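Residue numbers (my numbering), protein chains in the order written: chain D, 1 to 385; chain L, 1 to 341.
Think of the hints as simulated: they come from the structure by calculation, not from any bench. Warning: the hint list may mix true and false statements.
As the list claims (entries may be wrong) - 16 Å max Cα-Cα, derived EDC-like pairs, lysine to aspartate or glutamate:
id	chain 1	residue 1	chain 2	residue 2
1	L	LYS2	D	ASP196
2	L	LYS62	L	GLU46
3	L	LYS337	D	GLU275
4	L	LYS4	D	ASP348
5	L	LYS113	L	GLU202
6	L	LYS2	D	ASP53
7	L	LYS62	L	GLU76
8	L	LYS62	L	GLU41
Values in this document were obtained by computation on a predicted structure and should not be read as measured data.
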Amino acid sequence: MSTSKAMQQSFALRFSSGLFLAFWCLLAAFPIFWIAIMSFKSPVDAFAASPWDVITGPATRANGDGLSVLDIAVGLVVLYFAIRWAFTRLPGLLQQYCPPGMIVLGWVFGAILYAIAFVLVFFSLMPLILGALNSIAGPLGTPVLGLTTQHYVAVWAENEFYRNFLNSMLVTAGVVTVSLTVGTLAGYGLARSGSDLAFWLLILALVFRALPHSVLVAGYLPVFINSSEILRPIFGEGAPTLYGQPWAVIAVLVAINQPFTIWMLRSFFQNIPAELDEAARVDGCSHFQAFRRVIMPVMWPGVITTGLFSFLLGYNDFLVTSLLLDAQNQTMVPAIAGYFNRETTTTDQVEAVAAAVSITAPLFLLVMVFQRQIVSGLTAGAVKG
Amino acid sequence: MKFKTFAAFVGPSVFMMLLFIAAPLVSVFVQSFQVTQPILEQVEVETCTPGFLTQTCTTETKTIPVLDENGKTLTETRWVGLQSYQNVLQMDKFWEAVGNGSWNDIMQIDFWKALRFTLSFTLLTLPLVIGVGLAIALAVNNATRAIRGPIIFVSLLPFIITPVIGSLSIYWLFVGDGILTAMMERWTGTNISMFAQAWTIELLMYFYRVWHVAPFAFVIFYAGLQTVNMDTLESAVIDGASRWERLRHVIIPHLMPLIIFIALIHLMDCYRVFEEIVGFRSQAHVISLQWLTYDFMTPDDAGNRAISRASASAMLTMIGIVFLLILPLRRTWRDHKGSSH
């Protein structure tokens, strides 16, 4: 885009707008990066009054946990190559070894495998090698930057945070799968039907979207707690108590998410030309066959985008999961609230910080990989709605 | 599309929404007029202690819950009319406080306190979110193409972060002598504690919400800015419009539908403000309507959940939603009628 001379901006304006942007970026990223730094320090450093102490971590270093110049250099190099390899070689390998048609599953599997390999190399192999190197490297091998992973070990191993992680994954995966399956069908139906009924359904969905979730949970709670008695006439003795069941929470979250999902998918389906399925219908397909053979192959960008937002809803939810799940199958976000209650020592506080960072890390990766889809999803609803 | 096929496509989704959204609404409505309590009965108990010559016996009446054959407490559900609403609203105290003309007394009642915060939170953050979002969008639109991607990436972080974690991350910067509190103390030379009084907590909550939602507004405005008609802009320049006038008369009218969209979404989401209360641990000072319902539903020390009061406060929250949606719904209805004729 060439700007004409009349549209050119004065230096002062460009400078101040750049300054504003820099300030915003600092503001946006600072709290998140700061808690990431805090989580690696001993409690004294993490809550030190001077920012410099938090970054360098003198107390952590005094405990014997620290990185030398050599560690930092080698670590950065390994990190650089690991990321590069993930973006250049990994896709090729996946294409090669993955059976055709299973590419999504292949990616999930590949990503998990890669993450495990990375953690193994970075956190168990490298410390061993570097420990040996540091002892012979002299001044380069003495620690300069305090850094400890003990809080992560405490959170994940001792406090069994991995249980919460697995529960989170179960709930989130359930929410994404079910709400996409149900929502895709509904979104397609709504997009292709111009009837008044479709309009009223959309308006109803809009009203449902505005409801505070606590209103709904107030309706579920008594029913879920007593559900085995209520359902006994129907299911007999084996009637389940819905309270504390992950699948019941999945159903609830799917329903809460439906209004948003069908609005978004509808706007995506409206972008797919109706001639496409009309052509299929002329060739003798029923509506369902047309959907399966013609629409399904082209709908994935919209479905992935909507899936991202469903993922966020399931993953970020606090209210529903904290009220409807009991302590045994608690997900990650409400589990963090458990830290507040016993957050008496500063060590507990830093462990809570480490848990918070653990929850944020997958989201960070999500933005990195799916930035374009998220942006397109945000704008798709707005520009047309 | 025939009605039958349409129903088959939409059926599962509508079924889920009816079962898990509409049905709970009805049940909340009914619950708000009922109270479920354990059935109590009065029993005369004679307790005897061994004494000299004769036992000393005392009879006293005790109130104990009735148990069924499995040893579970029997409960009964009674219709109590508007009593739960009265328990939440506490109108007698409210009118007394109004009679005294004392704002502080009204703010002692949980419901009115929550309502005040929820409304001021919703209305104060709205212009800030739209303003900041628009400012970022304009600035990014000015920036060199190469740095736009990374800026959008960084901007998305506050939007995508779990709300509880996001508010916690700001909480940790200010709690006790956190680095930012320490910095402010060094500047002002006074002792500051951000979480000891209501207004500083509220300020941080406003800041958090704007930080969290401005990226959403930014991304939408940024997409809108790409479609601004360049010819109109250039003719405005030729007509001698200053930069500010161009923004005011060309760009903002172009973005108006988006501004309304963001305002609507923001009003809906802000009215449900909840995670901030958990993250900032502000329940002693600042509470919101949704948090009030949540609090009634969490088991107290004796393990009881105040379901009927929760339902009453939930229904009262709903009234606000109705007011919130009347205008946009009327607008949509008029558009729909206009488009079908």
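Going through the hints against the structure:
no.	hint	verdict
1	LYS2(L) - ASP196(D)	holds, 13 Å
2	LYS62(L) - GLU46(L)	holds, 10 Å
3	LYS337(L) - GLU275(D)	violated, 26 Å
4	LYS4(L) - ASP348(D)	violated, 58 Å
5	LYS113(L) - GLU202(L)	holds, 13 Å
6	LYS2(L) - ASP53(D)	violated, 69 Å
7	LYS62(L) - GLU76(L)	violated, 19 Å
8	LYS62(L) - GLU41(L)	holds, 8 Å
Checked against the numbered hints given earlier, this structure breaks hints 3, 4, 6, 7; the rest are met.
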